[in-house]
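Fit chains B and C to the given chain A structure using the hints.
Chains as they are written, first to last, in the numbering used here: chain A, 1 to 240; chain B, 1 to 230; chain C, 1 to 224.
A few of these clues could be false.
[To be verified] Cβ-to-Cβ under 7 angstroms is the rule here; a few derived chain C residues that face chain A:
| # | residue |
| --- | --- |
| 1 | Gly-118 |
| 2 | Gly-157 |
| 3 | Val-158 |
| 4 | Arg-159 |
| 5 | Leu-164 |
| 6 | Pro-166 |
| 7 | Leu-167 |
| 8 | Leu-168 |
| 9 | Pro-175 |
| 10 | Leu-178 |
| 11 | Leu-201 |
| 12 | Val-210 |
| 13 | Leu-212 |
| 14 | Glu-223 |
Hints in this document: simulated from the structure, not taken from any laboratory.
As the structure is a computational prediction, the values presented were derived from the model and not from experiment.
From the three backbone atoms N, C-alpha and C, an ideal C-beta is built for every residue, glycine too.
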Amino acid sequence: MTLKWLTGLTVVSLAVTVVLALVVAPADAVQGDAYRLMYLHVPTAWLAYLAFFVTAVASALWLWPRTRSTTWDLLAGASAEVGVIFTGLCLAMGSFWGRPIWGTWWEWDARVTTTAVLFFLYLGYLALRRTGVTAAERGKRCAIAALIAFADVPVVHFSVTWWETLHQDATVFNPKLDVHFEGFWMPFTLVFAVFAFTLLYATLVTARLQLAELEEGKEERELERAIERRVRVPAEQVPV
Amino acid sequence: MRVPSRVISLQSAVCLLGRFPALAGADLEVNAGDVVLLAGPNGAGKTTLLRLCAGLLAVRSGRAVVLGHDLASDRRAVRRSVGMVGHETFAYDDLTVSENVRFATRAAGRTREDADAAIVRVGLAELTGVAHGRLSQGQRRRLSLAIALARDPRLLLLDEPHAGLDAEGRAVVDDVMANAPTEGRTVLIASHEVDLARRFATREVAIVAGRAYEGRTAVAKVEPLMKVSP
Amino acid sequence: MSILRSSLLVAGKDLRIERRSRVAMQQVLPFGAIVLVLFAFALDPDRGLLSRVAPGLFWTAVLLAALLAVGRAFAVEEGNAARDGLRLSGLDGIAIFFGKAVAIVVELAVLEVVLGLGVVVLYDVEVHGLLLIVAAAIPATIGLAATGTVYGVLGLGVRARETLVPLLVLPAVTPVMLGGTQAFDAALDGRPGDGWPWVQLLWAFALLVVTLGALAFGPLLEES
Chain A
1 MTLKWLTGLT VVSLAVTVVL ALVVAPADAV QGDAYRLMYL HVPTAWLAYL
51 AFFVTAVASA LWLWPRTRST TWDLLAGASA EVGVIFTGLC LAMGSFWGRP
101 IWGTWWEWDA RVTTTAVLFF LYLGYLALRR TGVTAAERGK RCAIAALIAF
151 ADVPVVHFSV TWWETLHQDA TVFNPKLDVH FEGFWMPFTL VFAVFAFTLL
201 YATLVTARLQ LAELEEGKEE RELERAIERR VRVPAEQVPV
Chain B
1 MRVPSRVISL QSAVCLLGRF PALAGADLEV NAGDVVLLAG PNGAGKTTLL
51 RLCAGLLAVR SGRAVVLGHD LASDRRAVRR SVGMVGHETF AYDDLTVSEN
101 VRFATRAAGR TREDADAAIV RVGLAELTGV AHGRLSQGQR RRLSLAIALA
151 RDPRLLLLDE PHAGLDAEGR AVVDDVMANA PTEGRTVLIA SHEVDLARRF
201 ATREVAIVAG RAYEGRTAVA KVEPLMKVSP
Chain C
1 MSILRSSLLV AGKDLRIERR SRVAMQQVLP FGAIVLVLFA FALDPDRGLL
51 SRVAPGLFWT AVLLAALLAV GRAFAVEEGN AARDGLRLSG LDGIAIFFGK
101 AVAIVVELAV LEVVLGLGVV VLYDVEVHGL LLIVAAAIPA TIGLAATGTV
151 YGVLGLGVRA RETLVPLLVL PAVTPVMLGG TQAFDAALDG RPGDGWPWVQ
201 LLWAFALLVV TLGALAFGPL LEES
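Here chain A stands alone, though its shape is the one from the complex (with noise of 0.2 angstroms):
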């Protein structure tokens, strides 16, 4: 089925960057093999946003009366549960990508504080879903929360890169993570290691989000029964 497909593309894909990235691509002249981190970093970098995009996405769609489905409010739930992860896995990178370049274990520059909040934003929504069980409870407001937090990404993003500006020149030694791209194979690479974690999130999230209409099935179904239970009152109690 689909599911099955897509994990396989997936972990097809994946090998190959695998060996793209470790053997194909050549060293690069200022960072060595250090560099390679890249192939893991910007991929979580993009995804991360991505999944958040999706998040937002689903829930407008789901808020929306005309396109309401349930399936929108668990597939927000799903993207951002995959988010989550890739955001954390992306300021991990970051940090051991940063150590042996920067000499220190973080950096308070526009893309890493950025995704600082949004990973403290993801925190945020996801604890507001749990609160809730069945996706009526849920369903408005985390879909607005995710709205909220998804509009402000842009002026987060804005304040944090003017600040960041600001206060450049104090450092004494900021360089950049940035790689200069030489040849065909490392721009190539690049590509094609997104590529590959796009599909390893498509994966999840189709997963997660067959999971939780398994669930939200499961608690309907019991609901149902509940209700006929109650409507189909025994004889005896019935007053008439």
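Chains B and C in isolation, oriented as in the chain A frame:
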């Protein structure tokens, strides 16, 4: 504006409280000027029914039309024509009797005079400057009644109207129930005290396990299931 | 009733409750002041560090105290099923949003003046560029109050509301924190030119949150 003569029309209405079907297929037809007693044991769905008619709850399935508004699409519109006196008073502890009633009244687009008149009617005129948090339970319920009356509601929903009231309070509530039809109000009374409500009720409905059963015989069957109220 | 009159009615109600109960004055304000003192304990008060980082410390203290103020503003609606009362009242969601937000703005304004004085006194700060300071504080406070109001109503009726709402609010008000700090920094340093762009950012944020909040408040109140 012509008020529709069918004030409430529920057909197989199902209402959820969380995951529990508090109303499981309730049928109820109420006409203008009716004073309806809803009798039933705890947990049967009386309060839920009242809250539904107030436009506070969503209908999961079935049909629910109150004062001409379909609750599935437009339940907010019902609220301004409804007055509810329930377990909670909807008031702010730090505000005085007068401030609470005036706030609710002005929010509904009515005047300060309407508020003050309602306070007098429920007999709280001497306590206008007392904070809600300092009132006794009976006084709080009367405040709640004042808030409901000041809005001049077409539909009055009373949940255990005599609960917590002293003799004077009960007299006030009885007066409201007695005069409701002449004032053009339709009343739903959820009560344990069947005999009491019977004095004013034009109809009786038994509420059991989330459904409604019309008539005296039904209520008679339900009476033994109800706890004696304190 | 018009949105304006309804908003003023709700704001008046909230401020009257505050005047009666004095929670903001007697609890939130001291809390903010204590945070300022804690900062002094955390950083060495002798090396002029405090006065250099005073803008950031000020806004951090305001932010934390604002969380309390927002919590209080909605705790008031939890008692006696007041939120049912609000829904029954027939007031428009937009009006209730503006009313509650305005009341919080007033409380925060008082808080900021007092904490501002506290910072000047405790951290030995010389005040320059007061115009820029006030010009920045206004949109910052509006943005803060609006964010708190929309997340506050979102939290009504939710379990663990007291911990969840702060978690939601703090990352969202990053622009206020950055903008406020940078604008105040520029003002105190005598570089007002650097500060005015931040004021614009603060206004952009405030407008964004006020718009989203006004639209979302009604539906969220229904859910609570």
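Practice item. Under 7 angstroms, Cβ to Cβ, is where Leu-201 (chain C) needs to be relative to chain A, so tell me if that hint holds or is violated. Key: Result: holds, 6 angstroms to nearest chain A Cβ.
Review point. Regarding the hint that Gly-157 (chain C) lies at the interface with chain A, is the smallest CB-CB distance below 7 angstroms?
Key: violated, 9 angstroms
Check your understanding: Is the interface hint for Pro-166 (chain C) satisfied, with its Cβ closer than 7 angstroms to some Cβ of chain A?
Key -> violated, 9 angstroms
**Study point:** Restraint check, 7 angstroms cut-off on beta carbons, for Arg-159 (chain C) near chain A
**Key:** holds, 5 angstroms
Check your understanding: Quick one, is the Pro-175 (chain C) hint okay against chain A at 7 angstroms, beta carbons?
Key -> holds, 4 angstroms
Review point. Against chain A, is Leu-164 (chain C) within 7 angstroms by beta-carbon distance?
Key: holds, 6 angstroms
Check your understanding: Holds or violated: is there a CB of chain A closer than 7 angstroms to the CB of Val-210 (chain C)?
Key -> violated, 12 angstroms
Point to revise | Hint check: 7 angstroms Cβ-Cβ cutoff, Leu-212 (chain C) to chain A | key: Constraint on Leu-212 (chain C) satisfied, holds at 5 angstroms.
Review point. Does the CB of Leu-178 (chain C) sit less than 7 angstroms away from some CB of chain A?
Key: holds, 5 angstroms
**Study point:** Supplied contact hint for Glu-223 (chain C), tested at 7 angstroms Cβ to chain A
**Key:** holds, 5 angstroms
**Study point:** Status of the Leu-168 (chain C) interface restraint (C-beta, 7 angstroms, chain A)
**Key:** Because about 4 angstroms separates Leu-168 (chain C) from the closest Cβ in chain A, which is inside the 7 angstroms limit, the hint holds.
Point to revise | Satisfaction of the Gly-118 (chain C) interface hint, Cβ to chain A closer than 7 angstroms | key: Result: violated, 25 angstroms to nearest chain A Cβ.
Going down the numbered hints, you'll see the structure goes against 1, 2, 6, 12, while the others check out.
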